[in-house]
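Start from chain A and add chain B according to the hints.
Protein chains: 2
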Amino acid sequence: MTASDPAVTGAPMRRSIKAFPYNAETRLESLETTLTPPGRHYVRSNFAVPDLSPESYRLVVAGAVHAAVTFDLAALRALPSHALAVTMECAGNDRLGMRPVPAGEPWASGAVGTAVWGGVRLRDVLAAAGVRADACELVVTGADRGPRDDARTPGDVSFARGLPLEVAMHEDTLLALSMHGAPLPAEHGAPVRLIVPGWYGMASVKWVTSLQLVSEPFTGYFQRDRYVYDVAGEVRPVTRMLVKSMITAPAEGADLTFGPVEVHGWAWSGSGPIERVEFSGDGTSWQDATLGEPASAHAWTPWTCLWRPEHAGRAVLQSRATDATGATQPDAIVWNRLGYGNNAVRPVVVDVCAAS
Amino acid sequence: MTASDPAVTGAPMRRSIKAFPYNAETRLESLETTLTPPGRHYVRSNFAVPDLSPESYRLVVAGAVHAAVTFDLAALRALPSHALAVTMECAGNDRLGMRPVPAGEPWASGAVGTAVWGGVRLRDVLAAAGVRADACELVVTGADRGPRDDARTPGDVSFARGLPLEVAMHEDTLLALSMHGAPLPAEHGAPVRLIVPGWYGMASVKWVTSLQLVSEPFTGYFQRDRYVYDVAGEVRPVTRMLVKSMITAPAEGADLTFGPVEVHGWAWSGSGPIERVEFSGDGTSWQDATLGEPASAHAWTPWTCLWRPEHAGRAVLQSRATDATGATQPDAIVWNRLGYGNNAVRPVVVDVCAAS
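In the order they appear, the protein sequences are chains A and B. First residue of the first sequence? That's 1 in my numbering, and the numbers climb one at a time after it. First residue of the second sequence? That's 1 in my numbering, and the numbers climb one at a time after it.
Extracted from the complex, chain A is given alone in its bound form:
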């Protein structure tokens, strides 16, 4: 804990975006640690938290399966358990950096975090029903639902997402029952939440009650009308997290004493390990940062760098990550109508004070 820690200052643990439905992002000072505590991890909700009692909870596996199966919590818990540290970013993180600011929740840079999710493999649950050969996709539906003005069909919309079968069957795709070893909090999807490592958060459906195997691609509201990159009407689905990095220290607006400054932060990508992070304090010369070990193959990579300012005054700090596929963060923001996937280099402005 630092002097600016909410636990010390009494400030709210998260920055609220909207009270209802509840959306809140992590304070940047709470992103200094490898794991983000549940009370500080960002929360993105499209509707009210559904009222699911552990006793009456049921998960139905149906559709293109050999035999539909219903699990209660005890049946889920009876499956082999797995836990994994996963960095999850909201597809709308850094939407506020875009110009014009797209509609949608105005996330700054705190809609990302890392948690240890514990539960069972999704494929073990699917295996109990037996996936038929004609299944191409898994539709995962949460218990959260509500009206949407721009829905294509009348009535309430459920939060539901289609997941490619090979992603659903991956050994690291989990149905989480716990977070950091404690029961999953309601706001994070209790009692059961899907965790799709490497994908933006919308894939990790909360309050999961239905797994439906389908033989045609899913076209629901949150698949076709939201979580798509819409550039001049050309639409592509949002899937894996784009390669990205962030500077966690020094903080925006920090007053630094002239001399070497330790800069550090995180880098992550949904497409493979981070291979390189470059840092610049002047926008012209870039140096390689030192990479640390991530907590898992799906967790962010820590990086650190010693920066020696050349003169006192305002400085623009920037970091740029490259992943194992060779993908690098862009310098310019790729604007899209709904404001997803802003992985551009994000400047952090600090003041270096002359030595007195």
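One or more hints might be untrue.
A pair holds if it fits inside one copy or across any two, identical chains being indistinguishable in the list.
No farther apart than 25 angstroms at their CA atoms in a straight line, the calculated lysine to any residue pairs in the SDA-like style are these [as the list claims (entries may be wrong)]: (1) Lys18 / Glu252; (2) Lys18 / Gly259; (3) Lys18 / Gly283; (4) Lys18 / Ser81; (5) Lys18 / Val261; (6) Lys18 / Pro330; (7) Lys18 / Leu96; (8) Lys18 / Gly104.
To be clear, the hints were calculated from the coordinates, so they are not data collected in a lab.
Below, chain B alone, put in the same frame as chain A:
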């Protein structure tokens, strides 16, 4: 003065961008007043402040004139005096909003201000020499000079700018000898500074020592290599201030109590009076702000608006000005290599706290 006023808190009066050459911008809380005091008005310098003693100071008017003339300060002061409130913005103001961040001084939003400049009409000075019919432009040179790595010619570069003759001859174009009724401070161009109302600050040459009438357009470093909009190699000169507005209250990051909020700010344009300012608290619905009276035809127009938030949570406040030519601020930033003329709508993010 408010509780956050630097005079109260002991904070520096300006935010330093660079100590040498001295560049500093106005703190946003010091932009609440119609006139910006000299110690708080932004300062942009390309080189060190030249050492000009009032006694030895001379202003030479030469080139395409009938008879070259030299003025000392007494001769200048003998001309009819005029004073005018002028809003001046640095062409690089809000450069930090651009992505990627262009090279150049990293100005946030405080490189704008309004001062009452007192002095003599430039045209009265030119008339003393007699402008010849073949003159097309006035080259105004300051005493500040220094090396530039990317200059086209060897040796030091002087700060010099070409001004179209009709602008030079305009009755509101002044050679300023005072600021807010007091002697011009050295950092603002003492003893004599040009003031070109409506143009970005680079036209208002400081420490003026030479007025040279020319019959061919000027092609100096600060005319051709700087202060140009460079988009993919297509180059246009930076001239008049583009229509723009800013929100001065509430401030970025403010915690507001749920209920009506008075929003206010400034709007200005180098091309004519402000005709309209629109405000939005949600990016979707816009309302007309109420315009006040500017201090002069060349000073910013105050505006105010009562905003009623619809719900608690984070809100993105935006204002959009339109001038008498019909020009309106764009929603998207028009990026250019050197980062000039960012007049896009600039969001101010605030938090509306639910009533307890």
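Verification of the supplied hints:
Taking CA atoms no more than 25 angstroms apart as the test, Lys18 paired with Glu252 passes in both settings, with 23 angstroms inside one copy and 17 angstroms between copies. Proximity of Lys18 and Gly259 under a CA criterion of 25 angstroms is satisfied inter-copy only: 16 angstroms between copies versus 41 angstroms inside one chain copy. Taking identical chains as interchangeable, the C-alpha atoms of Lys18 and Gly283 lie at most 25 angstroms apart only when they sit on different chains, with a minimum of 15 angstroms there against 35 angstroms within one chain. When the C-alpha separation of Lys18 and Ser81 is checked against a cutoff of 25 angstroms, the pair qualifies neither within a copy, at 35 angstroms, nor between copies, at 57 angstroms.
For the identical chains of this complex, Lys18 and Val261 are inter-copy neighbours only, at 18 angstroms across copies versus 36 angstroms inside a copy, given an alpha-carbon limit of 25 angstroms. Taking the shortest alpha-carbon separations for Lys18 and Pro330, neither the intra-copy value of 30 angstroms nor the inter-copy value of 28 angstroms comes in at or below 25 angstroms. Taking the closest pair of Cα atoms, Lys18 and Leu96 come within 25 angstroms of each other only inside a single copy of the chain (15 angstroms); across copies the shortest separation is 28 angstroms, beyond that limit. Only within a single protomer do Lys18 and Gly104 lie at most 25 angstroms apart by alpha-carbon distance; the minimum there is 11 angstroms, versus 37 angstroms between protomers.
Hint violations for this structure: numbers 4, 6, all remaining hints satisfied.
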